[in-house]
Amino acid sequence: SNALSTASLSTGSGFESFFYTGASGGGDNQALGSYVMDGILDPGVPQLIFNRMILYAQFDPAVGALYLATYDAGEGNDHFIFLDDDPTDSTPEAFPSWNKIGTVASDGPFLADENDNDFIAWYQVNASANAKTGPNDGVMEGVINLYEQYGTNLQYIYIAVAPYQNPDGGSLIPDYLTPASTDLDQNIDADEYLKLNLVTGEIEGGSNTNAPPPGEVVLKQYIINGQLNDLELATLQRDGALPLYADFNGELLYVATADAGEGNDHFIFVTDDPAVPANAPWAKRGSNQGLKHFLADENDSDFSGWFINDSMDLSHPAATTYNNGGYLEGTLNVIDVFGGIPDRLYLAVVPYETADGGALVSTYQNPPPVTTNEDLESDEYYVLEFSQFDTDGDGIPDIDEDINRNGVRDPGETGARIVDTDGDSLSDGDENLSGGDPLDPTVGTSLRQAAPPDQDHAATLQWMGFTSSTYQIFFASNLIHTPTWQPVNPAPTPGTGGVHTLYVTNATVEGFYRIQILPADN
13 SNALSTASLS
23 TGSGFESFFY
33 TGASGGGDNQ
43 ALGSYVMDGI
53 LDPGVPQLIF
63 NRMILYAQFD
73 PAVGALYLAT
83 YDAGEGNDHF
93 IFLDDDPTDS
103 TPEAFPSWNK
113 IGTVASDGPF
123 LADENDNDFI
133 AWYQVNASAN
143 AKTGPNDGVM
153 EGVINLYEQY
163 GTNLQYIYIA
173 VAPYQNPDGG
183 SLIPDYLTPA
193 STDLDQNIDA
203 DEYLKLNLVT
213 GEIEGGSNTN
223 APPPGEVVLK
233 QYIINGQLND
243 LELATLQRDG
253 ALPLYADFNG
263 ELLYVATADA
273 GEGNDHFIFV
283 TDDPAVPANA
293 PWAKRGSNQG
303 LKHFLADEND
313 SDFSGWFIND
323 SMDLSHPAAT
333 TYNNGGYLEG
343 TLNVIDVFGG
353 IPDRLYLAVV
363 PYETADGGAL
373 VSTYQNPPPV
383 TTNEDLESDE
393 YYVLEFSQFD
403 TDGDGIPDID
413 EDINRNGVRD
423 PGETGARIVD
433 TDGDSLSDGD
443 ENLSGGDPLD
453 PTVGTSLRQA
463 APPDQDHAAT
473 LQWMGFTSST
483 YQIFFASNLI
493 HTPTWQPVNP
503 APTPGTGGVH
513 TLYVTNATVE
523 GFYRIQILPA
533 DN
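In this note's numbering, the protein residues as written are 13 to 534.
No lab work stands behind these hints, which were simulated from the structure alone. A hint or two may mislead.
[Claimed, not checked] Simulated DEER-style distance windows between Cβ atoms:
1) LEU451 <-> TRP110: 30 to 40 angstroms
2) LEU530 <-> GLY56: 55 to 65 angstroms
3) PRO423 <-> PRO379: 37 to 47 angstroms
4) TRP497 <-> THR100: 52 to 62 angstroms
5) PRO506 <-> ASN321: 51 to 61 angstroms
6) ALA287 <-> ASP422: 23 to 33 angstroms
7) VAL288 <-> GLY369: 15 to 25 angstroms
8) PRO289 <-> GLN136: 19 to 29 angstroms
9) ASP322 <-> ASP422: 54 to 64 angstroms
10) GLU274 <-> VAL229: 33 to 43 angstroms
11) ALA253 <-> GLU389: 13 to 23 angstroms
12) SER399 <-> GLY510: 30 to 40 angstroms
13) ASP119 <-> ILE320: 31 to 41 angstroms
Cβ coordinates follow ideal geometry from the N, Cα and C atoms, glycine included.
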C-alpha cells in the first residue's frame with residue numbers, strides 16, 4: 013500500500029498486479045525467475061562496477077528477468093537505479109514522482125530506495141517487477157521483466173545508478189553518479205548511462221564506466237555521506253573543538269567539520285578574498301569579513317547545504333548525519349565557482365547560536381580568533397595554498413601545468429592529470445629537472461642500449477646530455493631485495509648538448525643500468 017500510495021496509484025490498478033513488495037522471487041509470477049528479494053545480494057550475481065555507486069547485474073534470457081543491486085539508501089541520501097532502452101530518444105524530464113532537482117534522460121522504469129525508512133519501489137514500470145531493501149549497509153535489489161517492458165528483441169539496456177539528497181528538492185550528488193558524470197551538473201544526461209549487453213552480460217565500450225581518459229590518473233573520490241572517509245582525512249587538517257579538513261583532487265575542493273548540535277549552527281566559510289566586509293549570514297549577529305561562499309548545517313533540523321555568493325545553491329554536494337556525532341562535509345567545483353583554479357583559498361569554521369540574531373561562538377572558531385569578538389575578521393582564516401596539489405604526482409603542481417587554470421589541457425600545457433604528457437616514458441617532472449621537454453618525445457634524457465653488445469663491450473649505452481646537467485651511470489645485477497648500484501663511469505659526466513655514448517666493458521653478467529642526473533652546478 014505504501015508503494016501504491018507513493019506512486020499515486022489506487023488499489024486494483026494494472027500496476028498492482030505486477031508489483032510484489034517484500035515477496036520472495038517472483039511469487040507466483042515466473043517471469044521474474046528465481047531471484048530472491050530479501051535485501052541480501054543474490055549469490056552468483058556479478059559485480060559490474062566497482063566504484064562510486066557499485067552495480068551488480070544479471071540477466072536471465074530464459075524468462076527476460078533483469079536483476080539489479082547497489083548500495084542501499086542511508087546517511088542522508090535516497091538511491092535510484094534508472095533503466096532505458098535508448099536514453100538518446102528520451103526527452104529529459106523533471107525527476108518523476110520524487111520532487112528532486114534536475115532532469116533525467118529516460119522515460120523508462122526506475123527503482124527507488126528512500127533513506128528515511130525501508131521503503132523501496134519500482135516506478136514507471138509496465139512489467140512484472142519486485143524489489144526489497146534491508147537495514148543500512150546492505151543492498152537495494154530489484155528484478156524486472158525486460159521482455160514485458162520492451163519486447164523480446166532487446167540486446168542492450170542502459171543503466172544509471174544515482175544518489176540524491178533525501179529532502180524534497182534534494183539535489184543529485186554528481187560526484188557519485190554511476191557512470192561518472194560527464195559535466196557534474198544536476199541532470200542525468202543521455203551520455204551518463206552504462207550500456208549493458210544482455211547477451212554477454214558485460215558493460216560495453218563507449219559507455220562511461222568511470223574510467224578516466226587514456227593516460228589520465230583516477231581522481232580521488234570524495235564520498236559525501238557525513239562520515240568523513242579515510243581519503244578525506246585531507247591535506248589540510250586542523251584539530252580543535254570544531255576541526256577543519258580540506259582537500260583538492262584536481263577538480264573539487266573538499267571541506268568538512270563536526271556536524272551541528274548543542275544549540276549551534278555550523279558554518280565553513282570559503283573565500284578567495286578575506287578583506288571584503290559583509291554582514292554575518294543567516295541573520296546572525298556581527299560581521300563577516302570575506303563572506304562569499306559557505307557550507308552550513310542547521311542545529312534545529314537536518315538541513316545542510318551550500319550558499320554561493322550568500323545565496324542557497326543545492327547543486328553542490330553536501331551532507332551531514334541525522335544524529336550528532338558525525339560530520340558536515342561537502343565539495344565545490346572550484347572552476348565553476350571561482351572561474352578557475354585559484355592560487356589559494358581562505359577557510360574558516362565558525363559556529364553561531366542557532367536562533368536569529370545568534371552570536372558567533374568564538375570559543376570554537378577554527379582557526380582560533382585573533383580578536384575575541386562577535387565578528388569573523390580577515391586574519392582569522394586558514395590559507396589553503398593550491399601550489400601544494402599535484403594530482404598526477406609527476407612533481408609539478410597542478411597550477412604550474414594548467415597555466416590558464418581552466419581545468420583543461422590546452423596547447424602548450426602539460427597535463428595536470430597525465431604523468432607523462434608526451435608519452436616518452438619519462439614523467440613531466442623528471443623531464444623538467446633533467447633539461448628535457450615534456451611536450452616533445454624526441455627531447456629528453458633516457459638511458460637506452462644503442463646496439464647489441466659485441467665481443468669487446470658488454471653494453472653500449474646512450475643518452476641525451478644537456479649542458480645544464482651531469483650524468484652518471486650505475487649497474488646492479490638484480491632488482492631483488494635492496495640492489496647494490498655500482499658506478500660504471502667513475503665520475504659524473506658533464507652534458508655536452510648532444511648524444512652521449514658509453515661503452516661498458518666491466519660488466520660480466522646481465523643486469524640493470526640506471527642514470528643519475530644532477531644539476532651541473534651541484
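Comparing the hints with the structure gives:
no.	hint	result
1	LEU451 <-> TRP110: 30 to 40 angstroms	violated, 49 angstroms
2	LEU530 <-> GLY56: 55 to 65 angstroms	holds, 58 angstroms
3	PRO423 <-> PRO379: 37 to 47 angstroms	holds, 41 angstroms
4	TRP497 <-> THR100: 52 to 62 angstroms	holds, 57 angstroms
5	PRO506 <-> ASN321: 51 to 61 angstroms	holds, 57 angstroms
6	ALA287 <-> ASP422: 23 to 33 angstroms	holds, 31 angstroms
7	VAL288 <-> GLY369: 15 to 25 angstroms	holds, 23 angstroms
8	PRO289 <-> GLN136: 19 to 29 angstroms	violated, 51 angstroms
9	ASP322 <-> ASP422: 54 to 64 angstroms	violated, 33 angstroms
10	GLU274 <-> VAL229: 33 to 43 angstroms	holds, 41 angstroms
11	ALA253 <-> GLU389: 13 to 23 angstroms	holds, 19 angstroms
12	SER399 <-> GLY510: 30 to 40 angstroms	holds, 35 angstroms
13	ASP119 <-> ILE320: 31 to 41 angstroms	holds, 32 angstroms
Hint violations for this structure: numbers 1, 8 and 9, all remaining hints satisfied.
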